[in-house]
Structures are given as C-alpha cells and as structure tokens.
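Peer 1: Chain by chain, the residues:
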Amino acid sequence: METMIAVSLFLVITTIGMGSLLNANLLHQKSQNMRSILDNLSFIMEDISRNLRTGSSYHCFVAGDVIPSVTSPIVSTPKSCPDGWALAFESSTGIKNNDDDQWLYYIDNTGKIFKSTAGPYSADSFIQLSPDEVVIDTTASGFSVLGAEGVATDLQEPFVTIRLIGTITFKNVVTSFSLQTSVSQRLVDI
Amino acid sequence: MIMKKIFQQKHKGFTLIETLIAISIFTVSILALMSVLGQGISNTNYAKQKIIASYLAQEGIEYMRNMRDTFVLFDASSAQAGWNAFNAKIAPLPDTLCAGSNGCYFNDQNLNYANPAQPMTDIILTACGVDCPSLLYDETTGKYGYASGTNSNFVRKINVVQVANQTKISSTVYWNQGSGNYGISFSESLFNWVE
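Sequence lines, in order, name chains C and X.
Residue 34 in numbering that gives the first Met the number 0 sits at position 35 of the first sequence, with consecutive numbering throughout.
Residue 38 in numbering that gives the first Met the number 0 sits at position 39 of the second sequence, with consecutive numbering throughout.
These aren't lab readings, by the way, just hints derived from the structure by calculation.
Since we're looking at a predicted model, the values are computed, not measured.
Any given hint could be a false lead.
Examples of chain X residues toward chain C, derived with CB under 7 Å [as the list claims (entries may be wrong)]:
#  : residue
1  : ILE16
2  : ILE40
3  : THR43
4  : ASN44
5  : TYR54
6  : GLN57
7  : GLU58
8  : ASN65
9  : ASP68
10 : PRO115
11 : ALA116
12 : GLY141
13 : TYR145
Quick reminder that beta carbons are idealized off the backbone N, C-alpha and C, glycines included.
Just need the whole structure built from these sequences, with the hints factored in.
Peer 2: Laid out in structure tokens, this is it:
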C-alpha cells in the first residue's frame with residue numbers, strides 16, 4: 000500500500016516537474032528566437048538609416064513606378080515623395096555620374112525587404128534583408144522623402160522618414176511591430 | 000532495546016509531514032524557475048519597446064538638425080540670420096518653449112511635401128506642461144504623430160540648451176511597461192557652422 004502511494008506520488012511529481020522543465024525550455028527558445036528576429040529588424044533599420052544619412056541624391060519610387068532593370072539615369076535623379084515603396088541613393092562612396100553604383104532598398108509586395116549596392120538593378124542583384132518570419136505591411140510601411148531635389152527646385156535639406164510596420168510570425172505566435180525613424184542628409188544641399 | 004527501536008524506525012517509511020515538506024521544496028524550486036522565465040519574456044518585450052523608443056528619440060534629433068540646416072542654408076538674407084531664426088523658432092524668448100524647463104514636443108502634421116520653400120520650418124513646436132502628450136500611432140498610415148490614431152504609449156520630449164553659436168538638443172522618449180517607467184535619451188550639439 001505504502002509503496003503504491005510512494006510510487007504514484009513519485010510519478011505525479013516527476014510528470015509535473017518534467018512537464019514544467021520542458022515547457023521552460025520551449026519558452027526560453029521562443030523568446031531567444033524572438034530576440035534574434037528583433038535584432039535583425041533593428042539591424043535593417045540601422046543599416047537603412049545609417050547609409051541614408053551619409054548618402055545623397057535620394058530617389059523615391061511611388062506606387063506604379065518600376066525599378067529599371069537595365070542601366071538607367073532614373074535611379075540617380077533626385078526625386079521626393081510623401082510615400083514610396085523603394086528608395087535609391089548615392090552612397091557615401093558613390094561616384095556622381097555613375098548610374099550603376101546607387102544603393103537601393105525596396106519592400107516587395109509579399110512584405111520582404113531587399114537591398115542592392117550595385118546596378119544594373121535586375122532581380123539577381125538584390126539580397127533579402129528581412130527573415131522569412133517577418134512580413135512587412137506594404138501599405139503602412141515605406142519611405143517619405145522631403146526636399147531631395149537640388150536648390151533650383153526646393154529650398155530644403157533632404158530628409159527621409161522610414162516606416163517599417165509588420166508582423167513576426169514564429170511558431171504560431173504573431174507579434175506586431177511598428178518602427179519609425181527619420182534621417183536628415185549630412186551632406187550640405189547646395 | 001535501543002537497536003531494536005532504530006531498526007523499527009527505519010522501516011516506518013515517510014511520514015505525511017516529510018512528504019509534504021519534500022513536495023513543497025520541489026514546488027518552490029519549480030516556481031523559482033518559472034519566475035526567471037517570466038522575467039525573460041518581459042525582457043524580450045522590453046527590448047522590443049526600447050528599439051522602437053530609440054528610433055523615435057533619434058528622429059527627434061534628426062528633425063531639429065534638419066530644421067537647423069534648412070534655416071541656415073536657405074535663409075533669404077544670410078546664414079547668420081538663418082541661425083538666429085532657428086534659435087528663435089525653438090525658443091522665442093530665452094528659456095521659453097523648448098529651452099524651458101519642461102521642454103517641448105514637435106508636430107509635423109503641417110509638413111507639406113509639395114512646398115518647395117523650407118517646408119521643415121512649418122513644423123509646430125509646443126511647450127510641454129508637466130507632462131508632454133503621448134505620441135499617437137495611426138494604424139492605416141503607420142505614422143507616429145499627434146494628428147490621428149490611438150495612444151502609442153510613447154512620449155517624446157525635446158529639451159534645448161542655448162549657448163552662443165551652440166544649441167544642445169536632447170530628445171527623450173518615455174514609455175511605461177508592466178509596473179515600471181522607462182526612458183531613453185539622445186543628445187546632440189548643433190553649431191552655427193556658417194561664418
């Protein structure tokens with residue numbers, strides 16, 4: 000009788016103990032993975048804002064615009080917009096008259112972020128920055144570019160607002176995020 | 000006789016009290032583990048909020064910097080007049096508005112992307128009372144601002160200290176989460192760089 004009680008107590012307690020340990024491990028892994036996805040998002044935001052800050056000649060692509068897949072002066076012509084889905088710019092190491100050395104970031108219609116640092120800007124010159132767990136909301140996210148054109152067109156130091164809004168879906172847990180930051184061009188607009 | 004007693008006690012097994020004590024020690028250890036895990040989850044959430052807050056705080060600095068550049072570069076009369084206009088915009092009188100002790104917040108709802116003439120100078124600066132208003136988050140446009148949306152739980156405050164030819168900007172974003180209040184602050188010195 001006593002042995003039976005002892006064994007059953009032992010079984011109940013070990014089951015509970017093991018269950019909670021396994022659960023703890025699972026939770027730990029989930030939060031660790033969530034942290035690395037968040038770090039990745041933060042890295043994307045940091046990468047875009049840092050490069051834009053030191054860059055110049057911002058060209059914003061709005062709905063309906065297409066990124067030219069062959070060498071074209073479009074990407075290096077400054078253009079402002081209140082809400083764009085892609086942004087091309089001259090990097091800090093770029094050469095002014097070269098149309099194939101612009102850097103380009105875009106958000107595609109499936110909600111992924113891509114980057115290219117050399118033209119011509121065909122599909123295979125882009126690399127994906129965001130992990131598959133992250134889906135960017137394409138209507139709310141984007142770039143707002145103010146005063147990109149030269150002094151002949153506008154009297155405004157170039158200024159870009161970047162918005163990254165979306166969801167992280169990881170093991171059936173959906174976490175939403177909404178990042179926003181702005182960048183003022185460091186190069187003097189004269 | 001004594002030997003017999005000890006022998007008998009050895010075969011008594013665990014008493015109920017002993018079992019209860021053993022189970023409670025085990026439970027306490029599991030509970031400790033659970034609380035550590037809870038802490039881990041709230042830390043992940045804290046990291047997420049801090050990332051958002053740090054980008055919003057940096058945005059405050061960039062707005063002020065862009066306003067300085069736009070005023071100084073494109074003033075109709077001179078760069079010095081532009082620098083003076085920038086300082087008058089953030090503090091019309093000494094120690095008022097953004098240079099006041101409560102700081103200020105900026106509202107960019109008047110920022111007109113179609114206006115070619117110094118649009119950045121149209122942003123509205125308002126002095127904070129004891130507390131600055133919370134930033135609103137608009138789910139459809141994805142923008143943080145003061146024009147539309149729901150309370151984002153973030154508060155952004157700009158503080159300014161003006162010295163001759165130098166304006167020190169501090170941008171702080173506060174938020175509360177769980178039972179704690181948190182804040183992240185960035186600062187930058189802007190100079191009158193056009194002689």
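Peer 1: Hint by hint, where does the structure go against what was stated? Just the numbers, ascending.
Peer 2: 1, 4 and 13
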